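Undergrad: Here's the letter readout for the chains.
There are 6 protein chains.
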Amino acid sequence: MFSHIKELQFEAKPDRPDPLFAKKLQELIGGQFGEMSVAMQYLFQGWSVRGNQKYKDLLLDIGTEEIGHIEMLATMVSRLLDGAPVSAQEEAAKDPIIAAAMGGMNPQHAIVSGLGARPADSVGNPWMGSYIISSGNLLADFRSNLNAESQGRLQAVRLYEMSEDRGVKDLLSVLIARDSYHQNQWAAAIAELEEAEGFLVPSTFPREKERLDVAYTLYNFSEGEEAAAGRWAQGPSIDGHAEFNYESTPKAEGAKPVLKPAPPNLHNTLPMDNIPK
Amino acid sequence: MFSHIKELQFEAKPDRPDPLFAKKLQELIGGQFGEMSVAMQYLFQGWSVRGNQKYKDLLLDIGTEEIGHIEMLATMVSRLLDGAPVSAQEEAAKDPIIAAAMGGMNPQHAIVSGLGARPADSVGNPWMGSYIISSGNLLADFRSNLNAESQGRLQAVRLYEMSEDRGVKDLLSVLIARDSYHQNQWAAAIAELEEAEGFLVPSTFPREKERLDVAYTLYNFSEGEEAAAGRWAQGPSIDGHAEFNYESTPKAEGAKPVLKPAPPNLHNTLPMDNIPK
Amino acid sequence: MFSHIKELQFEAKPDRPDPLFAKKLQELIGGQFGEMSVAMQYLFQGWSVRGNQKYKDLLLDIGTEEIGHIEMLATMVSRLLDGAPVSAQEEAAKDPIIAAAMGGMNPQHAIVSGLGARPADSVGNPWMGSYIISSGNLLADFRSNLNAESQGRLQAVRLYEMSEDRGVKDLLSVLIARDSYHQNQWAAAIAELEEAEGFLVPSTFPREKERLDVAYTLYNFSEGEEAAAGRWAQGPSIDGHAEFNYESTPKAEGAKPVLKPAPPNLHNTLPMDNIPK
Amino acid sequence: MFSHIKELQFEAKPDRPDPLFAKKLQELIGGQFGEMSVAMQYLFQGWSVRGNQKYKDLLLDIGTEEIGHIEMLATMVSRLLDGAPVSAQEEAAKDPIIAAAMGGMNPQHAIVSGLGARPADSVGNPWMGSYIISSGNLLADFRSNLNAESQGRLQAVRLYEMSEDRGVKDLLSVLIARDSYHQNQWAAAIAELEEAEGFLVPSTFPREKERLDVAYTLYNFSEGEEAAAGRWAQGPSIDGHAEFNYESTPKAEGAKPVLKPAPPNLHNTLPMDNIPK
Amino acid sequence: MFSHIKELQFEAKPDRPDPLFAKKLQELIGGQFGEMSVAMQYLFQGWSVRGNQKYKDLLLDIGTEEIGHIEMLATMVSRLLDGAPVSAQEEAAKDPIIAAAMGGMNPQHAIVSGLGARPADSVGNPWMGSYIISSGNLLADFRSNLNAESQGRLQAVRLYEMSEDRGVKDLLSVLIARDSYHQNQWAAAIAELEEAEGFLVPSTFPREKERLDVAYTLYNFSEGEEAAAGRWAQGPSIDGHAEFNYESTPKAEGAKPVLKPAPPNLHNTLPMDNIPK
Amino acid sequence: MFSHIKELQFEAKPDRPDPLFAKKLQELIGGQFGEMSVAMQYLFQGWSVRGNQKYKDLLLDIGTEEIGHIEMLATMVSRLLDGAPVSAQEEAAKDPIIAAAMGGMNPQHAIVSGLGARPADSVGNPWMGSYIISSGNLLADFRSNLNAESQGRLQAVRLYEMSEDRGVKDLLSVLIARDSYHQNQWAAAIAELEEAEGFLVPSTFPREKERLDVAYTLYNFSEGEEAAAGRWAQGPSIDGHAEFNYESTPKAEGAKPVLKPAPPNLHNTLPMDNIPK
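Chains as they are written, first to last, in the UniProt record's numbering: chain Z, 1 to 277; chain U, 1 to 277; chain X, 1 to 277; chain G, 1 to 277; chain C, 1 to 277; chain B, 1 to 277.
Calculated from the structure, these hints are not laboratory results.
None of the values given here were measured: they were computed from a predicted structure.
Check before you lean on any hint, since a few could be wrong.
Put simply, identical chains are the same to the list, so a pair is met inside one copy or across any two.
Derived pair list, reagent style BS3-like, types lysine-lysine, alpha-carbon separation capped at 25 Å [what the hints assert, rightly or not]:
| hint | residue 1 | residue 2 |
| --- | --- | --- |
| 1 | K6 | K169 |
| 2 | K13 | K251 |
| 3 | K251 | K94 |
| 4 | K13 | K169 |
| 5 | K251 | K209 |
| 6 | K54 | K209 |
| 7 | K169 | K54 |
| 8 | K94 | K6 |
| 9 | K256 | K94 |
| 10 | K94 | K54 |
| 11 | K6 | K209 |
| 12 | K260 | K13 |
| 13 | K260 | K209 |
| 14 | K6 | K251 |
| 15 | K13 | K54 |
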């Protein structure tokens with residue numbers, strides 16, 4: 001059960017409108033690694049935790065915080081859109097800077113949402129449930145979360161560099177800081193889980209059931225041997241169970257696949273290998 | 001430039017057809033973390049590397065390997081679909097086990113692909129470019145790759161447990177082993193990058209530009225304090241620059257957002273706050 | 001800013017597992033009119049309200065309530081999936097009822113989410129931002145909301161009829177009741193807005209700018225005159241400004257469209273109307 | 001069975017080309033509430049009507065009319081694209097107004113469709129079947145239709161305000177008028193159905209099966225009591241069966257959800273609540 | 001402008017209900033090559049024709065015919081869904097054949113559309129505007145049309161083989177025959193265009209601007225020389241302008257790509273090629 | 001199994017950066033007929049061939065070549081994005097040409113991919129598995145391939161005309177030439193298959209099972225008789241089995257569809273045809 005308070009956790013006021021930046025900022029709302037993604041990802045993970053109340057509580061804390069991030073960004077987008085060039089009058093003026101703004105702004109910000117934020121990214125793709133992951137395996141999912149906060153902070157930093165508006169930068173400096181914390185926090189949780197259950201996801205699958213002879217080898221499928229010099233091609237493996245090795249000319253172990261004909265009622269092309277043409 | 005040899009790297013032959021398992025196995029081909037995703041993700045990352053030839057070579061090695069994984073799985077799916085119940089004749093039999101198979105198999109495996117693999121997941125969603133990430137920041141992307149190999153191995157293990165077919169298990173035991181290696185390998189590359197540039201992504205953004213006062217705090221937005229006991233709420237942060245802390249009752253720093261009216265030519269609802277109702 | 005309490009607003013416990021029903025229940029989570037849609041729709045509308053604090057408060061109340069509905073349904077889905085037939089062992093048994101369950105359950109519930117809810121509908125389509133609407137015009141949007149609660153209640157009722165599980169029915173009886181309230185509530189808000197500003201959306205566009213001569217006419221484009229007998233073809237219009245009328249044989253007012261050739265550098269097919277063939 | 005006449009129902013000729021407006025106008029063709037949506041929505045509803053020939057006829061009349069609306073808009077888009085700046089020569093000129101037009105136009109209008117309309121919205125998202133609704137319940141669906149015509153008219157009005165082209169405005173003034181009629185018409189049909197079967201959708205579900213004690217209550221989940229003053233929180237309900245009421249501090253009735261562990265063969269994280277960390 | 005008559009062009013009545021077949025038949029309505037695709041594809045092509053009234057007329061004839069095909073299939077789907085097992089009562093029976101039907105039918109046919117057709121394919125993916133093509137080049141588009149009718153007839157034939165219902169087969173035998181005609185018809189139109197303008201699309205691009213030295217060569221990028229024996233590797237080319245040839249060991253003409261570093265404000269990974277690790 | 005060499009098959013270096021052209025060029029990477037589509041289409045077709053090794057080899061040759069095309073275009077996009085205007089500093093300059101470039105470039109090229117290529121088209125839609133076709137019937141699929149190469153060459157030619165950059169034109173002149181070859185090559189393969197098995201897809205369905213009386217007729221569903229003059233309305237059919245004919249006033253053979261009421265537990269609208277209103 002959730003509740004809401006009217007105040008924003010942090011202020012979300014630009015110094016001046018900027019419809020082009022509003023378009024770009026949508027990436028942080030409805031993009032692959034925007035706040036809709038992290039909010040929904042942490043909530044779905046939290047709701048699906050089986051046992052492990054400490055992690056469940058953590059996920060619901062952060063997931064709930066992220067809904068408030070969408071709120072701040074949506075407010076910022078609305079304000080950046082104040083005064084957007086939406087009337088024919090202004091177009092008539094033919095000022096090239098205004099023309100560029102009109103050509104560059106997201107037309108749905110005017111036509112569809114009436115100067116409000118959209119549940120979409122910076123090019124207008126709608127947010128999708130397929131952006132998020134909740135697998136039931138916490139180590140796997142926390143790695144996904146660390147990635148999301150890494151990509152998210154990178155994108156927020158890029159947007160920070162693209163703006164000179166003090167109010168915009170103030171909000172982004174908060175979001176960047178929270179992404180710093182969340183990178184730290186998921187890394188701490190990952191370290192704890194790796195210590196408890198080991199490095200590999202999932203840790204519960206008996207190793208002898210996999211082909212261990214191919215489990216520590218870098219295959220060189222790309223001409224050039226630069227990658228052979230890396231840490232991943234020699235020395236002890238990260239999981240501590242073997243030595244990395246390197247195969248410069250991988251061999252095919254399987255046969256050439258030859259498939260049987262399909263049954264006639266599917267009307268696939270029949271084999272014509274022996275038909276004279 | 002790429003080239004192809006006809007032999008499969010590893011064998012891909014089930015002991016017997018199983019159209020229901022063919023449907024499930026599609027998750028490893030065209031799912032969010034299937035082989036199409038890792039192949040395309042590593043290739044796009046590799047093609048976008050600027051400098052850093054060692055990592056570029058590594059990415060192209062692994063990306064090229066993964067195309068061969070799609071090939072093995074596509075071959076396996078074709079063979080699992082041999083003998084699928086696709087004619088009216090068989091339906092007439094009304095054998096409940098066959099009826100269940102007919103009801104449960106993916107109808108597009110018969111109608112659309114003629115018993116071939118589909119570029120789609122286990123419920124039929126087409127693979128999408130939005131599954132992959134290539135950001136230009138290698139530490140961010142290698143965390144994404146570690147996650148992809150974690151989710152991928154988890155899914156392969158679950159499918160291994162759902163089958164009793166020796167041929168299917170043989171192929172999965174290879175894919176699971178390769179996912180083991182790739183988890184190890186990306187972790188090694190991540191360790192190298194974190195040592196060279198620090199833990200946070202991106203490492204090049206001046207820390208004083210973010211709100212450092214909120215960069216190490218767990219906010220308790222969810223009733224219940226279980227999460228306060230975690231490593232992420234106390235002690236030194238993972239990045240080594242501060243101490244984690246915990247805020248049990250987060251305060252709102254921002255104001256209640258009040259937005260200006262939209263310009264009349266957008267025909268939004270006008271403010272009626274002072275209109276008697 | 002949002003906060004969360006651990007207790008569910010209403011209980012979400014089935015009497016017994018039922019993986020097929022878990023698949024169907026996904027429609028209420030991530031379907032076009034599921035709880036993700038209403039939660040996000042009301043929140044985006046609320047965040048975009050300009051002035052009109054009463055409506056903003058209402059939207060945020062209901063939007064926040066709906067996040068809790070996702071939570072209850074996600075919990076229910078997890079419990080319906082307890083004991084789902086996910087191992088090879090059970091498949092071996094070849095019990096036709098179990099076979100039907102295995103063929104009919106959503107394979108991603110096992111392979112991808114590990115018996116947790118998915119942000120997707122009952123056939124596995126991921127939830128999309130394009131399901132929701134927030135236009136800045138409250139009368140338009142409240143009509144959208146009334147529709148969402150009508151479709152939502154209809155779907156919940158259909159699912160109620162498809163289950164004999166007391167716990168499932170208990171939760172659905174709550175959701176159905178809340179949809180009843182929300183239909184009532186949006187209808188009340190619509191009545192208020194229509195009284196204040198008139199029936200047509202948007203009410204602020206000068207009527208003389210539209211082609212009023214075609215603004216009250218039912219055109220008969222479909223052979224058969226049954227529709228001519230309706231209230232919409234005669235008598236005073238709902239907006240109170242004119243009389244409905246009926247046109248049994250609509251005339252074309254425009255010309256046959258003849259388009260100019262495209263410029264040569266687009267390499268469209270050139271006009272060949274005078275070329276002998 | 002359908003037939004076509006070559007003349008447009010209304011003229012669709014702009015005074016002059018305008019590729020930026022062509023991009024915006026796509027919203028009315030392939031957007032969420034564009035003409036493809038209403039055409040397909042009314043036709044699918046009409047084809048699915050069981051009994052109720054009057055409504056079936058009405059739906060097929062309007063659905064057929066809307067295909068002609070797509071036709072007029074597609075013709076208009078083709079003409080707005082005449083003379084679009086598509087060659088390198090013009091780019092060389094470096095006229096900033098032309099540069100803005102080239103940067104702002106939809107590149108697929110040149111590269112993909114050769115100056116023809118696209119089945120997509122104003123940012124290029126393809127039209128989707130998931131935009132439409134046909135539920136088998138006419139009252140529900142007519143509310144959806146009223147919403148579609150409200151959103152559609154709002155968008156057409158906004159586009160009217162963004163253009164100074166007489167030919168464009170002429171076509172939009174027709175579409176706006178038809179949306180006026182269709183709002184009136186669906187409202188008339190809704191009134192008829194509500195009178196016949198009652199206000200709630202669906203009307204046939206026995207009310208005693210829902211939790212009537214929570215069917216008339218506004219829950220205050222958002223700090224601030226502005227919404228308590230509304231019509232929806234007091235007085236008789238719209239359905240006429242009860243009194244609205246208001247709950248300022250909603251209580252949780254359910255328990256904290258604690259989920260059972262997943263079966264081992266899914267390799268979810270095991271419960272570690274008692275494992276020392 | 002379009003009009004509709006109530007009678008179906010051909011009868012659409014199954015002998016008996018079959019909800020599993022209804023699910024499969026959706027492929028012909030809303031699949032990639034279903035009737036929604038061909039209807040929309042021919043109409044958009046027709047509306048975009050510039051000059052060439054003969055082809056415009058042809059496209060609008062066929063596009064209009066195809067809307068009527070959607071209508072017949074939607075009617076068929078509704079009738080196949082009569083009597084679908086949608087109540088809890090029937091589930092209680094635990095008849096394995098009914099259980100298989102319940103597990104195998106499309107749940108949205110009950111929950112969402114109330115036993116009506118959906119604008120979606122046989123696994124539930126919504127129809128998308130990105131399925132269709134209208135390029136402005138008629139030879140290109142007619143080849144697309146020939147393909148659509150080929151895939152469409154193949155799918156209709158497969159469905160014909162999967163049914164033993166006389167009414168279903170009667171409708172499919174009509175659709176198969178129309179696909180036969182349309183394959184013939186587009187082939188006739190293609191032959192006419194190829195004769196008038198040549199084989200290559202587009203025919204208007206000066207051949208000397210392309211790299212003619214690589215325009216007739218089969219590159220052997222796949223180990224094995226079976227393809228070298230084909231007609232496409234020797235003898236005169238289809239366009240009549242050169243001889244096909246075969247290159248068994250293609251050489252790389254380009255250099256190894258080395259990309260410049262990104263500007264610092266994007267926070268990509270910096271080149272570390274000379275940094276000791 | 002695949003391998004990679006570092007050199008590009010052909011050079012991919014623009015004379016100078018051009019972020020707007022980078023955006024447009026994405027159509028050839030991740031558009032409906034871009035290189036991702038042809039690569040995946042040919043590989044999936046090749047992996048699914050049953051017998052017919054000559055065609056399997058051909059498909060894998062070309063599919064493998066096309067992965068290298070994605071590589072060249074991705075490299076070109078990265079280089080076109082060098083020096084893109086991504087910092088606030090440049091925006092401050094307010095040079096209208098730069099403003100137009102900033103407004104017109106794809107914001108995800110900066111925010112998401114850090115100046116790398118995206119798996120998306122020129123308006124940002126992600127590439128989708130539903131773009132490709134692999135049906136198991138080679139004649140059908142080769143027609144799809146001929147279409148893909150026709151649309152692809154048309155788009156490449158249009159982009160060639162939009163650029164004055166020598167390096168860009170050099171790469172496009174190669175891609176255009178390869179599309180020329182591939183059109184020739186698929187046409188040769190089609191001719192071979194049509195000679196072996198006949199013109200119609202699929203050729204194995206007994207013709208007497210279709211409604212032959214409607215298999216050679218052009219129906220005139222569109223007012224105007226221009227299309228009656230075409231080759232497709234008279235003379236011998238392309239398949240050589242009958243004469244084309246023309247029906248100027250098609251008759252409906254079916255009845256008006258009247259559907260049965262839905263079962264009460266679906267809560268569709270009940271038939272009200274006899275209820276006084």
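Undergrad: Please go over all the hints and tell whether each is borne out by the structure.
TA: Each hint tested on the structure:
1. For the homomeric pair K6 and K169, the shortest alpha-carbon distance inside one copy (22 Å) is at most 25 Å, but the shortest distance between copies (35 Å) is not.
2. Taking the shortest Cα distances, K13 and K251 sit within 25 Å of each other only across copies (18 Å), while inside one copy they are farther apart (61 Å).
3. For the homomeric pair K251 and K94, neither the shortest alpha-carbon distance inside one copy (65 Å) nor that between copies (40 Å) is at most 25 Å.
4. In the homo-oligomer, the alpha carbons of K13 and K169 lie at most 25 Å apart inside one protomer (10 Å), although the nearest pairing across protomers, at 36 Å, exceeds that limit.
5. Taking identical chains as interchangeable, the C-alpha atoms of K251 and K209 lie at most 25 Å apart only when both belong to the same chain, with a minimum of 22 Å there against 43 Å between chains.
6. Taking the shortest alpha-carbon separations for K54 and K209, neither the intra-copy value of 32 Å nor the inter-copy value of 32 Å comes in at or below 25 Å.
7. Neither within a single protomer nor between protomers do K169 and K54 lie at most 25 Å apart by alpha-carbon distance, with minima of 34 Å and 31 Å respectively.
8. In the homo-oligomer, the alpha carbons of K94 and K6 never lie at most 25 Å apart, since the shortest distance is 41 Å inside one protomer and 38 Å across protomers.
9. Neither within a single protomer nor between protomers do K256 and K94 lie at most 25 Å apart by alpha-carbon distance, with minima of 65 Å and 34 Å respectively.
10. Taking the closest pair of Cα atoms, K94 and K54 never come within 25 Å of each other, the shortest separation being 60 Å inside a single copy and 40 Å across copies.
11. Neither within a single protomer nor between protomers do K6 and K209 lie at most 25 Å apart by alpha-carbon distance, with minima of 55 Å and 28 Å respectively.
12. In this homomeric assembly, K260 and K13 come within 25 Å of each other (Cα to Cα) only across copies, at 12 Å, whereas the closest approach inside a single copy is 66 Å.
13. Within a single copy, K260 and K209 get their C-alpha atoms no closer than 30 Å, and across copies no closer than 27 Å, so neither meets the 25 Å cut-off.
14. Proximity of K6 and K251 under a CA criterion of 25 Å is satisfied inter-copy only: 12 Å between copies versus 64 Å inside one chain copy.
15. Taking identical chains as interchangeable, the C-alpha atoms of K13 and K54 lie at most 25 Å apart only when they sit on different chains, with a minimum of 22 Å there against 36 Å within one chain.
Consistency note: the structure conflicts with the earlier hints numbered 3, 6, 7, 8, 9, 10, 11 and 13.
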